[in-house]
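Colleague: First to last, the sequence lines map onto chains Z and E. Residue numbers for the first sequence follow our numbering, so the first one is 1 and each next one is one higher. Residue numbers for the second sequence follow our numbering, so the first one is 1 and each next one is one higher.
Don't take every hint at face value.
Unchecked claim - Interface residues of chain Z toward chain E, partial, derived using beta-carbon atoms under 8 Å: (1) Asn-3; (2) Lys-8; (3) Phe-12; (4) Val-22; (5) Arg-30; (6) Pro-32; (7) Trp-45.
If you're looking for bench data, these hints aren't it; they were derived computationally from the structure. Backbone N, C-alpha and C fix where the C-beta goes; we use that ideal spot for every residue, glycine too.
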Amino acid sequence: MRNRRMRKALLFVLYIAVVTPVGLLLRLVRDPMRRKLNARAHTYWIESAPAEH
Amino acid sequence: MPDIVLGISAFYHDSAAALVADGAVVAAAQEERFTRVRHDSAFPANAVRYCLREAGIGLGEVAAVAYYEDPRLKFRRVLATLASSAPTGFAAFEHTLPQWLSWKRRIADTVRRGLEALGAGPVPRIVARRHHESHAASAFFPSPYESAAVLCIDGVGEWATTTLWHGRGTGLEPLAEIRFPHSLGMLYSAFTYYTGFKVDSGEYKVMGLAPYGEPVYEDAIRTKLIDLKQDGSFRLDMDYFEYLRGQVMTGRGFEKLFGGPRRQPESPLTQREFDLAASVQKVTEEAVLRLARNARERTGETKLCLAGGVALNCVANGKIVERGDFDGVWIQPAAGDAGGALGAALAVAHESGASRAHLADKRDGMSGALLGPRYTDEQIGRCLDARGAVYRRMAPQELAEQVAARLAESKVVGWFQGRMEFGPRALGARSILGDPRDPRMQSTMNLKIKFRESFRPFAPSVLAEHAGDYFALDQPSPYMLLVAQVAAAQQVETRSPQGAAGLDLLKLRRSTIPAVTHVDYSARIQTVTEQDNPDYHRVLAAFHAATGCPVLVNTSFNVRGEPIVNTPEEAYVCFMRTNIDVLAVGGFLLDKADQPQWREESDWREAIPLD
Numbered sequence: 001m002r003n004r005r006m007r008k009a010l011l012f013v014l015y016i017a018v019v020t021p022v023g024l025l026l027r028l029v030r031d032p033m034r035r036k037l038n039a040r041a042h043t044y045w046i047e048s049a050p051a052e053h
Numbered sequence: 001m002p003d004i005v006l007g008i009s010a011f012y013h014d015s016a017a018a019l020v021a022d023g024a025v026v027a028a029a030q031e032e033r034f035t036r037v038r039h040d041s042a043f044p045a046n047a048v049r050y051c052l053r054e055a056g057i058g059l060g061e062v063a064a065v066a067y068y069e070d071p072r073l074k075f076r077r078v079l080a081t082l083a084s085s086a087p088t089g090f091a092a093f094e095h096t097l098p099q100w101l102s103w104k105r106r107i108a109d110t111v112r113r114g115l116e117a118l119g120a121g122p123v124p125r126i127v128a129r130r131h132h133e134s135h136a137a138s139a140f141f142p143s144p145y146e147s148a149a150v151l152c153i154d155g156v157g158e159w160a161t162t163t164l165w166h167g168r169g170t171g172l173e174p175l176a177e178i179r180f181p182h183s184l185g186m187l188y189s190a191f192t193y194y195t196g197f198k199v200d201s202g203e204y205k206v207m208g209l210a211p212y213g214e215p216v217y218e219d220a221i222r223t224k225l226i227d228l229k230q231d232g233s234f235r236l237d238m239d240y241f242e243y244l245r246g247q248v249m250t251g252r253g254f255e256k257l258f259g260g261p262r263r264q265p266e267s268p269l270t271q272r273e274f275d276l277a278a279s280v281q282k283v284t285e286e287a288v289l290r291l292a293r294n295a296r297e298r299t300g301e302t303k304l305c306l307a308g309g310v311a312l313n314c315v316a317n318g319k320i321v322e323r324g325d326f327d328g329v330w331i332q333p334a335a336g337d338a339g340g341a342l343g344a345a346l347a348v349a350h351e352s353g354a355s356r357a358h359l360a361d362k363r364d365g366m367s368g369a370l371l372g373p374r375y376t377d378e379q380i381g382r383c384l385d386a387r388g389a390v391y392r393r394m395a396p397q398e399l400a401e402q403v404a405a406r407l408a409e410s411k412v413v414g415w416f417q418g419r420m421e422f423g424p425r426a427l428g429a430r431s432i433l434g435d436p437r438d439p440r441m442q443s444t445m446n447l448k449i450k451f452r453e454s455f456r457p458f459a460p461s462v463l464a465e466h467a468g469d470y471f472a473l474d475q476p477s478p479y480m481l482l483v484a485q486v487a488a489a490q491q492v493e494t495r496s497p498q499g500a501a502g503l504d505l506l507k508l509r510r511s512t513i514p515a516v517t518h519v520d521y522s523a524r525i526q527t528v529t530e531q532d533n534p535d536y537h538r539v540l541a542a543f544h545a546a547t548g549c550p551v552l553v554n555t556s557f558n559v560r561g562e563p564i565v566n567t568p569e570e571a572y573v574c575f576m577r578t579n580i581d582v583l584a585v586g587g588f589l590l591d592k593a594d595q596p597q598w599r600e601e602s603d604w605r606e607a608i609p610l611d
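Can you build the whole structure from these sequences, using the hints too?
Modeller: Pasting the structure below:
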């Protein structure tokens, strides 16, 4: 897109209309970033599935 | 017809190319050495060309090209990050999304176009290996171990930041991982940023600063920033960090915790920075030690292989060796992303059935990390003549003795021999050498040659057969990635004069080899064998014969801010721009006093950006 301001505006609309609701929804259901700390958990390791590519 | 795989890392940090033939490493080099742009992340056209030239082939003879990470998986992580930090992360979104939509997602196309542009033949199939698999392959396959535990720790690849593997024969089995944003590399980078250094290149400065401080912030880090479990797994409290949301590492919560804003780059260092460095270093060591112990428990192996950017923390590596959970630790010399190119190629090669031939010789497969270009005496001679340089030609033994004699007079020597090193350290192929016994050598080399800050220590090379007399390290350290104490027999008691504090502490003489002894008596050691580097071993042996000391200061051949020199031309220019006294390049010996006057158009110090 040649017009920088137009591109920025479009990205902003995309951000508010799509990314933000998706993000907020995700955080309610299951945080992909697993940000919650758990003092009582024994481990934070995520076990690997058998080798795949 | 050998099965040839070309590995490539590009577009993030440290682009590189590596070529593997029948499982053996033939060539590897970082792009920065050719373009003279430090940490160059552009497509490694020059490095690829070099690898093909070294193997004497064109692209048509390459069976496959292996790229060191999975861009589609990485893109999903980038999207998840952007979504998770909404609605406050618009700046990052605006900055990163367009790149991803245009070319980053379709890396295979970008790599293909880069290879086509070389005009070196038809482009083979391009495959991607995951980032941590590439690190793990670079750590295990070239190691001298039949089987081993493998630990890779870095900032982040696609999702994984910390991975544990079990390497056996030509196979590598993934066991467990920790995912972004929980990352020891990011934690260390956050403190790098906060102490006023550049992220991704300043981390080793933080490591060098740590011995000046006390870990007074260790508790704060362990209670507020990171929840570190017994088994080494961990999560960070993202409330304190900014990197999910934006372009900087730390936020206001971090500032509140540590009493103020970050140090401005190039402004004076204070006790706070020393203590912050000591604290994050201590926490990182504890995490790494727990991860290593867990690796031992899960795999039952007595050998450990390491890679990933955090494996460049040689102080932490030294602690692993010291603890003794393993009786052998091997670290990939190109532990950062450049090594990913090599790892990706090896992963593909071994999957196709290539064997690890070096195991039979009881060696590692890195050839002393001397995997880059060499220059013949004819080429060197032409370059020197074009510059009007004044030199003497001599055979290797005489050259070694002449160099040793000058080193013993406290002269500083530029040493350029054989194939260039792969990885961040100079290992005696592109090195600047000095006498470690001279108490003024540290200052001399810092200010007169490197034009750099004075707090970072230099590192020693030692004849492997005499390493035990000088350092408390009982395993090989061929790649300068292990830190250990200077042997007690070499230590000297210091008396701190009144008022000596902070960076002045470095000037106190602590051992018989003061130029390479840090304020806590530690040293970052390179053990040198005749087998790995006969030329370098020869000059160390000559120095030992002349002085009784088997140790030399080994620092990289470059000025501050530029990559290590690659060509004889670059070596001569660096020699003439600085106060290096002697240049030994190939079979040629040059003394500074004999050289024609050096003239330059512009001030080169302004042309090279600070690191």
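Colleague: Does each hint fit the structure? Answer for all of them.
Modeller: We went through each hint and held it up to the structure:
{"no.": "1", "hint": "Asn-3", "verdict": "13 Å, violated"}
{"no.": "2", "hint": "Lys-8", "verdict": "6 Å, holds"}
{"no.": "3", "hint": "Phe-12", "verdict": "7 Å, holds"}
{"no.": "4", "hint": "Val-22", "verdict": "5 Å, holds"}
{"no.": "5", "hint": "Arg-30", "verdict": "11 Å, violated"}
{"no.": "6", "hint": "Pro-32", "verdict": "4 Å, holds"}
{"no.": "7", "hint": "Trp-45", "verdict": "4 Å, holds"}
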